[in-house]
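One letter stands for each residue in the lines below.
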Amino acid sequence: MPTVPQMRRVVITGMGAISPLGVGAETLWQGLREGRSAIGPLRHPDAYRLRVKIAAQVPDSFDPTSNIDERTLIMLDRTSEFALHAAREAIAQSGLDFSQDELGVRTAVVVGTGVGGENTQDEQSKRLYGDNSPRAHPLTIVRVMTNASASHISIAYGLRGPTFAVASACASANHAIIQAAQMIRYGMADVAVTGGTEACLTYGALRSWEAMRVLADDTCRPFSINRRGLVLGEGAGIFVLESMEHAQARGAVILAELAGVGMTADATDIVMPNATGAAAAMTQALNDAGLAPQDVDYINAHGTGTQANDSTETRAIRLAFGSHADRLAVSSTKSMHGHALGASGALELVAVIGALRDGAVPPTANLDKADPACDLDYVPNIGREMPVRAAVSNSFAFGGLNAVLALKRAP
Amino acid sequence: MTDTTQQQVFAIIAKQAKIDVATIKPESTLKDLGIESLEAIEVIFDIEEHFNITFPDQQGANFDTDTTQSLVDAVQKALDEKAAEGEGSK
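If you're matching them up, the sequences are chains A and B in order.
Numbering follows my numbering, with no gaps: position 16 of the first sequence is 16.
Numbering follows my numbering, with no gaps: position 69 of the second sequence is 480.
The set of hints was computed from the structure by calculation and includes no laboratory data.
Being a predicted model, the structure only gives us computed values, none of them experimental.
Keep in mind that the hints are not guaranteed to be accurate.
For each label pair, taking beta carbons as the anchor points, the in silico distance ranges come out as [as the list claims (entries may be wrong)]:
#1 B:Ala-495 with A:Glu-385: 52 to 60 Å
#2 B:Thr-415 with A:Phe-164: 54 to 62 Å
#3 A:Asp-368 with B:Thr-476: 18 to 26 Å
#4 A:His-324 with B:Asp-491: 53 to 61 Å
#5 A:Arg-135 with B:Val-432: 48 to 56 Å
#6 A:Gly-399 with B:Thr-465: 25 to 33 Å
#7 B:Lys-426 with A:Val-105: 54 to 62 Å
#8 A:Asp-60 with B:Ala-495: 38 to 46 Å
All C-beta atoms, glycine included, are put in the ideal place defined by N, C-alpha and C.
Construct all of the structure, not just a fragment, from the sequences and the given hints.
What follows is the structure in structure tokens.
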């Protein structure tokens, strides 16, 4: 292994979320901790003609105008509304003031999204192909582009460091957070605003998911033998990362340490997951964090609720953790916030930070029938109070892409 | 004489698997015929398009481990239901 020069430690000092459980990271965390599922009947103008009947959607009580001025709002797809709201919450919690000391120059913005401005794309396509309008809305391009969320966060706070979007389907958020952390570790930035966002519950996207036949029709039941697929969600989770010395120098409250990262590709199938690839990403994250398997108390699983993922992920955890796998608490919070695709790793990081900070593991909801192929402790249905020293958060994407975070309790 | 439902379904499967239709038996699974994962979903899509029907979402089972006869039965059921609704068949 090559030696790494002067790698800095990375901590999290702010978190924000817009999720199916409501507005705010604490709202999300308290809901997950209590085992509250936000999966419900699909609210969509075309719901009557869709086969998909359920989803985990951001509630209508989310008011995009509450925190964003009108001139900015007109430029935003729903994806960017979520991201900008969550960023405002995270930055406020961090206590950072970007108007001071040229801090903006040393701050990166990296936001993951699976598809970017899908609502705008869908609306404008309908207008052109469906309604035969000769004109697209002039702000279509700036709303659709996948980097819009990152750019609007940059503009809102004058953040002038490396700023871009990361796309890797369902692993986008974790991949984005890893890029941000690496930039801080290697000194390219002192602070990073990072996470994931997704809002793609359009008629076109829902029809496409239906055609893949991976959607559950009842609810999301990860690791349960009667699981019937995933439930689509939406939302955003955004975090403030800092080098540990930067956070300590200003006396910031540290929520958790982002101690290690792992990224691999299966290089096997475009949709079928592979235990070896997923396990390798977990092992990489542990090694990078300087953690032995027995140091870890909790895994927030990818846990989509599909037949293929849940048994494969179980095998992967066994491969990576050996005999310690039986001592881990493993849960899938997708059973409550749904699968927010490019935002999922970010919503799940809120759960991991909560678990480390409060000593409480959120449950896997709707797990009512054990599957012999899924034989770990999934914390079924009821959360558990327990000290969590270190935790791992898994994201595995279509395309065979794996991105894993390893976190430690705040020092 | 139009082809039977079975003949039409088998023709679609043969095209996707690039095999001689005569090698398909009612008890073969799509997996036996080398059709797995996304390819199986594509066969389902081709069948839906051909007959202008929509299969209900799968009940936990995998299409690739179902037999070709069960697919034919599912098509026939969907066609019968469509006829009963008075929409006629394509």
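Evaluation of the provided hints:
no. : hint                                 : verdict
1   : B:Ala-495 with A:Glu-385: 52 to 60 Å : 56 Å, holds
2   : B:Thr-415 with A:Phe-164: 54 to 62 Å : 57 Å, holds
3   : A:Asp-368 with B:Thr-476: 18 to 26 Å : 24 Å, holds
4   : A:His-324 with B:Asp-491: 53 to 61 Å : 55 Å, holds
5   : A:Arg-135 with B:Val-432: 48 to 56 Å : 50 Å, holds
6   : A:Gly-399 with B:Thr-465: 25 to 33 Å : 28 Å, holds
7   : B:Lys-426 with A:Val-105: 54 to 62 Å : 59 Å, holds
8   : A:Asp-60 with B:Ala-495: 38 to 46 Å  : 39 Å, holds
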